[in-house]
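Engineer: Sequence:
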Amino acid sequence: MKASESELALLSDQSADPAPLGWATRQWFRQLAACRLCRNVTLAVFVAILVIETLILVPSYRNYEEDLLRQYEAVARQGIATFLASTNVSKEPAAAQALLRATGLLGIDMKTADGSQAAGEPVGQAAATDGKLRDIPRPAPGKLDLLWSNPEWAPDWEIAARLDISELSGELWAFVFRILGLSLLIALFVTLVTMSVLGRMMLAPLLRLRHRILQAGEDAAHPLHYVRQPERCDEFGEVAGALNKMLVHISTYQDRLQVLNEELDKLVDQRTRSLKATEKELHIRSWYDQLTGLANRALFEEHLRNFLRHAETESAAGVGALLMLGLDNFQTINGLAGHAAGDRMLQEIAHRLSHYAQEKNLVARLGGDVFALLLPHMSGADPQKLQREIEAITGTVSQPVIVSGQELQCDVSVGVALIPTDGQDAPTLLQHAEIAMQKAKAVRENSIHFFSKTLSQQVRQRQTLLTELKSAIPQGQLKLHFQPQCDAVRDCVGYEVLIRWDHPSWGPIPPSHFIPLAEDSHLILTLGDWILEQAIVQAKRWIEEGFHGRVAVNLSAQQFAKPGLVDEISELLTQHRFPANQLELEITETAFMGDIDRAITIMQQIRALGVQLAVDDFGTGYSSLAYLKLLPVNRIKIDRAFVKELPANQQDLILCRTIITMAHNMGCQVIAEGVETEEQATCLLDAGCDELQGYLLGKPGPVVLPPGAPKPKVGG
Numbered sequence: 004m005k006a007s008e009s010e011l012a013l014l015s016d017q018s019a020d021p022a023p024l025g026w027a028t029r030q031w032f033r034q035l036a037a038c039r040l041c042r043n044v045t046l047a048v049f050v051a052i053l054v055i056e057t058l059i060l061v062p063s064y065r066n067y068e069e070d071l072l073r074q075y076e077a078v079a080r081q082g083i084a085t086f087l088a089s090t091n092v093s094k095e096p097a098a099a100q101a102l103l104r105a106t107g108l109l110g111i112d113m114k115t116a117d118g119s120q121a122a123g124e125p126v127g128q129a130a131a132t133d134g135k136l137r138d139i140p141r142p143a144p145g146k147l148d149l150l151w152s153n154p155e156w157a158p159d160w161e162i163a164a165r166l167d168i169s170e171l172s173g174e175l176w177a178f179v180f181r182i183l184g185l186s187l188l189i190a191l192f193v194t195l196v197t198m199s200v201l202g203r204m205m206l207a208p209l210l211r212l213r214h215r216i217l218q219a220g221e222d223a224a225h226p227l228h229y230v231r232q233p234e235r236c237d238e239f240g241e242v243a244g245a246l247n248k249m250l251v252h253i254s255t256y257q258d259r260l261q262v263l264n265e266e267l268d269k270l271v272d273q274r275t276r277s278l279k280a281t282e283k284e285l286h287i288r289s290w291y292d293q294l295t296g297l298a299n300r301a302l303f304e305e306h307l308r309n310f311l312r313h314a315e316t317e318s319a320a321g322v323g324a325l326l327m328l329g330l331d332n333f334q335t336i337n338g339l340a341g342h343a344a345g346d347r348m349l350q351e352i353a354h355r356l357s358h359y360a361q362e363k364n365l366v367a368r369l370g371g372d373v374f375a376l377l378l379p380h381m382s383g384a385d386p387q388k389l390q391r392e393i394e395a396i397t398g399t400v401s402q403p404v405i406v407s408g409q410e411l412q413c414d415v416s417v418g419v420a421l422i423p424t425d426g427q428d429a430p431t432l433l434q435h436a437e438i439a440m441q442k443a444k445a446v447r448e449n450s451i452h453f454f455s456k457t458l459s460q461q462v463r464q465r466q467t468l469l470t471e472l473k474s475a476i477p478q479g480q481l482k483l484h485f486q487p488q489c490d491a492v493r494d495c496v497g498y499e500v501l502i503r504w505d506h507p508s509w510g511p512i513p514p515s516h517f518i519p520l521a522e523d524s525h526l527i528l529t530l531g532d533w534i535l536e537q538a539i540v541q542a543k544r545w546i547e548e549g550f551h552g553r554v555a556v557n558l559s560a561q562q563f564a565k566p567g568l569v570d571e572i573s574e575l576l577t578q579h580r581f582p583a584n585q586l587e588l589e590i591t592e593t594a595f596m597g598d599i600d601r602a603i604t605i606m607q608q609i610r611a612l613g614v615q616l617a618v619d620d621f622g623t624g625y626s627s628l629a630y631l632k633l634l635p636v637n638r639i640k641i642d643r644a645f646v647k648e649l650p651a652n653q654q655d656l657i658l659c660r661t662i663i664t665m666a667h668n669m670g671c672q673v674i675a676e677g678v679e680t681e682e683q684a685t686c687l688l689d690a691g692c693d694e695l696q697g698y699l700l701g702k703p704g705p706v707v708l709p710p711g712a713p714k715p716k717v718g719g
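Position one of the sequence shown corresponds to residue 4 (the numbering used here), numbered consecutively onward.
The set of hints was computed from the structure by calculation and includes no laboratory data. Computed from a predicted model, the values in this text were never measured in an experiment. Worth double-checking, as some hints may not be accurate.
[What the hints assert, rightly or not] Here are the computed lysine-lysine pairs in the BS3-like style, where the Cα-Cα straight-line distance is at most 30 Å:
#, residue 1, residue 2
1, K388, K444
2, K473, K388
3, K482, K702
4, K565, K444
5, K388, K442
6, K146, K135
7, K473, K702
8, K114, K135
9, K565, K543
10, K146, K279
11, K146, K114
12, K388, K283
13, K543, K702
14, K363, K388
15, K269, K279
16, K442, K473
17, K442, K565
18, K444, K647
19, K442, K363
20, K632, K647
21, K283, K269
22, K482, K543
23, K647, K565
24, K543, K473
25, K632, K565
26, K444, K363
27, K647, K482
28, K442, K647
29, K565, K482
30, K444, K473
[What the hints assert, rightly or not] Taking CB as the label site, the calculated pair distances span:
#, residue 1, residue 2, range
31, L175, G127, 33 to 39 Å
32, Y698, H342, 41 to 47 Å
33, L270, A47, 51 to 57 Å
34, S254, A47, 36 to 42 Å
35, R580, M669, 31 to 37 Å
36, I603, V446, 33 to 39 Å
37, D689, H358, 53 to 59 Å
38, T577, L278, 53 to 59 Å
39, N332, Q387, 28 to 34 Å
40, G341, W290, 26 to 32 Å
For every residue, glycine included, the Cβ atom is placed at its ideal position computed from N, Cα and C.
Generate the whole structure from the sequences, applying the supplied hints.
Structural biologist: What follows is the structure, encoded as structure tokens:
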């Protein structure tokens, strides 16, 4: 429904000052052309009236037709009755013709007992006049045959007549036109009256209300401008009142909505800044090390790739060097000084390395205590100059770091991969630099090591050895060997369990080759668990044969740090019904120096099971004497490094006597390993050493003889 502004103004004026009915009618006609609703309602009213008039016309038409036919029948009957009363039909035949001419009959056939007479057109099968004449079949258009049998006005006569009704159709059409004209006039009048009332009572208020709603919707900032007093008390008045209430509510809450919008804008702004900060932090976390602020491995590799692409246009020789730096014994510093001090040390080293980087992201922390540094030499590399530059870097990094008044120092092992000699892509260069760094860590005499193809071959051999070691246990290639431990009178009081690997293709492989490999790959956990269980199984057989000594098994640092170690030991002792006091676990100093408090707790739990504990390789660790009094151990084991030069080396002799005296004062026994000569044995026993172990007393082997018992059956 659409209306112009002028029409809406006229409607408003009409509501304020009612006009005469003629004016309202003209106004309605003006609205009718523009209002779709008006047109639809007008058409519906007009059509409804016409339908009603049509429904009335149909029976009226039928009745009117019947009345006309009765009139024709009455005229014919009156003429025939007059004729019969005044004429002797049988004597005057010519009178029938006069009857036809006088009455408009087309034909007549009269019969009686005395005779009959016919005139005009022959009458066919006539019908009686006692039914509806309009239903009687007609012999031809404009003709009607009727039959009167013994009527009151002609007793004893049977009269059939053909009536001329040719004028009936014209009279019926005139009737229809009169009725239709009257119906149309009635429809127009009723429609005009209905729409005039409808326009004044409904259309004008509806348009004004619609106009006000549209204006209020377009001017949402000033809703109170469109509040009007309701004009009516009917449904339109209720709708107008509801609109007023809604506009008042909108005005009431408009200020609150504005405040909420301002708060929402602030929240959105804060959220946006937070998202940007989070995005920036995620970027930093993705590409930078959080502790040192240096580039991480991913970002460093990206810059290394960019450098290599740029270097393709330069000379093929000496375009740069990739340095990988690893701190030696950093974990020990972490354990002794604490992780906070270790973090501070890493930050300082990162700061020092940054001074040697030509660009910010050419130095990175690859993880843990490993750093990488790219030294571009785009004009050609001088080997001696590069060596001096690397030595200057290692010298700077190795300088002590002061943390909380404590001086911390770490040596640095550097692996160097030359570009493009040692690789032309980032992964290869990093791999080769790491190989060289590991070699530098192993060689220790020279903290700087350049990559070579020999190192690469060694790494491949190392990987092959690791693969073979993983399958050595299930294939039965590993065997336990036992070395005797004797007291002062050379009686065997126990055995240390050692592991040997006899490869089917390579032959015997020394433990010094595969044990470090197992520790680096964490395979030492699986290997250590297997050694401990097999040692208990073997010793259990000896005990059943009369052995009363102990079996000493080495625990690696990774085993000692493994959660659930005490429960595993307890389960093995229970499962094999093994006497706990005949099992001794040897632990190196480096295994418990990382977290001394946790180590003491675990050792106390192991002692609570009844298992004996020994400190292996005593004297080779860090700050051992400071923590010795805290360790719940039964035995101290002097490392072979202090035994091999006895008795000639007076310094080693003094150190051994000091260890023995201190251990005895703390209630611990002392055993020395690596005893190979009588002089070494005599010297140690004179110093008060309780037990000895070494080739002099017995070499490791797969079969040993427990004291006082038959030869044990090892394996099987």
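Engineer: Give a verdict on every hint.
Structural biologist: Evaluation of the provided hints:
1. Only pairs whose Cα atoms come within 30 Å are accepted, and K388 paired with K444 is accepted, the gap being roughly 23 Å.
2. Simply put, K473 and K388 have alpha-carbon atoms about 44 Å apart, too far for the 30 Å limit, and the pair is violated.
3. Using a Cα cut-off of 30 Å, the hinted pair K482 and K702 holds, with the two alpha carbons roughly 15 Å apart.
4. About 26 Å separates the Cα atoms of K565 and K444, which keeps this hinted pair within 30 Å; it holds.
5. Among the hinted pairs, K388 with K442 is consistent with the structure: their alpha-carbon atoms are about 22 Å apart, no more than 30 Å.
6. Our distance criterion of 30 Å between C-alpha atoms is met by K146 and K135, whose separation comes to about 16 Å.
7. Proposed proximity of K473 and K702 is supported: the alpha carbons are some 27 Å apart, at most 30 Å.
8. Proposed proximity of K114 and K135 is supported: the alpha carbons are some 24 Å apart, at most 30 Å.
9. The suggested pairing of K565 with K543 holds, with an alpha-carbon distance near 25 Å, which does not exceed 30 Å.
10. Note on K146 and K279: the hinted pairing is violated, with a Cα-Cα distance of about 105 Å set against a maximum of 30 Å.
11. This hinted pair checks out: K146 and K114 have alpha carbons roughly 21 Å apart, not beyond 30 Å.
12. Our distance criterion of 30 Å between C-alpha atoms is broken by K388 and K283, whose separation comes to about 40 Å.
13. Of the pairs offered as hints, the one joining K543 and K702 holds, with about 22 Å between alpha carbons and a cut-off of 30 Å not exceeded.
14. A distance of roughly 22 Å separates the Cα atoms of K363 and K388; the hinted pair therefore holds under the 30 Å criterion.
15. For a cut-off of 30 Å, the pair hint linking K269 to K279 stands: about 15 Å separates their Cα positions.
16. This hinted pair checks out: K442 and K473 have alpha carbons roughly 23 Å apart, not beyond 30 Å.
17. This hinted pair checks out: K442 and K565 have alpha carbons roughly 28 Å apart, not beyond 30 Å.
18. At most 30 Å may separate the alpha-carbon atoms for a hinted pair to count; K444 and K647 meet this at roughly 25 Å.
19. Under the criterion of a C-alpha separation no larger than 30 Å, the hint pairing K442 with K363 is consistent with the structure, at around 28 Å.
20. Note on K632 and K647: the hinted pairing holds, with a Cα-Cα distance of about 27 Å set against a maximum of 30 Å.
21. Taken as a hint, the K283 and K269 pair is honoured in the structure, with Cα atoms around 21 Å apart against an allowance of 30 Å.
22. Distance check on the hinted pair: K482 and K543 sit about 17 Å apart at the alpha-carbon level, within 30 Å; holds.
23. Restraint check for K647 and K565: not satisfied, since their Cα atoms lie roughly 34 Å apart, outside the 30 Å limit.
24. The straight-line distance between the Cα atoms of K543 and K473 is roughly 27 Å, inside the 30 Å bound, and the hint therefore holds.
25. The suggested pairing of K632 with K565 holds, with an alpha-carbon distance near 24 Å, which does not exceed 30 Å.
26. Taking the CA atoms of K444 and K363, the gap is near 27 Å; set against the 30 Å cutoff, the hint holds.
27. A hinted pair counts as satisfied when its Cα atoms are at most 30 Å apart, and K647 with K482 qualifies at roughly 28 Å.
28. Between the alpha carbons of K442 and K647 the distance comes to roughly 28 Å, so the proposed pair stays at or under 30 Å and holds.
29. With a C-alpha separation of about 24 Å, the suggested pairing of K565 with K482 holds against the 30 Å cut-off.
30. The straight-line distance between the Cα atoms of K444 and K473 is roughly 25 Å, inside the 30 Å bound, and the hint therefore holds.
31. In this structure, L175 and G127 break the distance hint of 33 to 39 Å, their C-beta atoms being roughly 24 Å apart.
32. Between Y698 and H342 the beta carbon distance is about 43 Å. The supplied range of 41 to 47 Å therefore holds.
33. A hinted range of 51 to 57 Å for the beta carbons of L270 and A47 is consistent with their spacing of about 55 Å.
34. A C-beta distance of roughly 41 Å is found between S254 and A47, which places it inside the suggested range of 36 to 42 Å.
35. Taking the beta carbon of each, R580 and M669 are about 33 Å apart, inside 31 to 37 Å as hinted.
36. Roughly 35 Å separates the CB atoms of I603 and V446, a value that falls within the hinted 33 to 39 Å.
37. Checked against the hint of 53 to 59 Å, the pair D689 and H358 passes, with Cβ atoms roughly 57 Å apart.
38. As the Cβ distance of T577 to L278 is approximately 58 Å, the hint placing it in 53 to 59 Å holds.
39. The supplied range of 28 to 34 Å is met by N332 and Q387, whose beta-carbon atoms lie about 30 Å from each other.
40. For the pair G341 and W290, the beta carbons lie near 29 Å from each other, so the given range of 26 to 32 Å is met.
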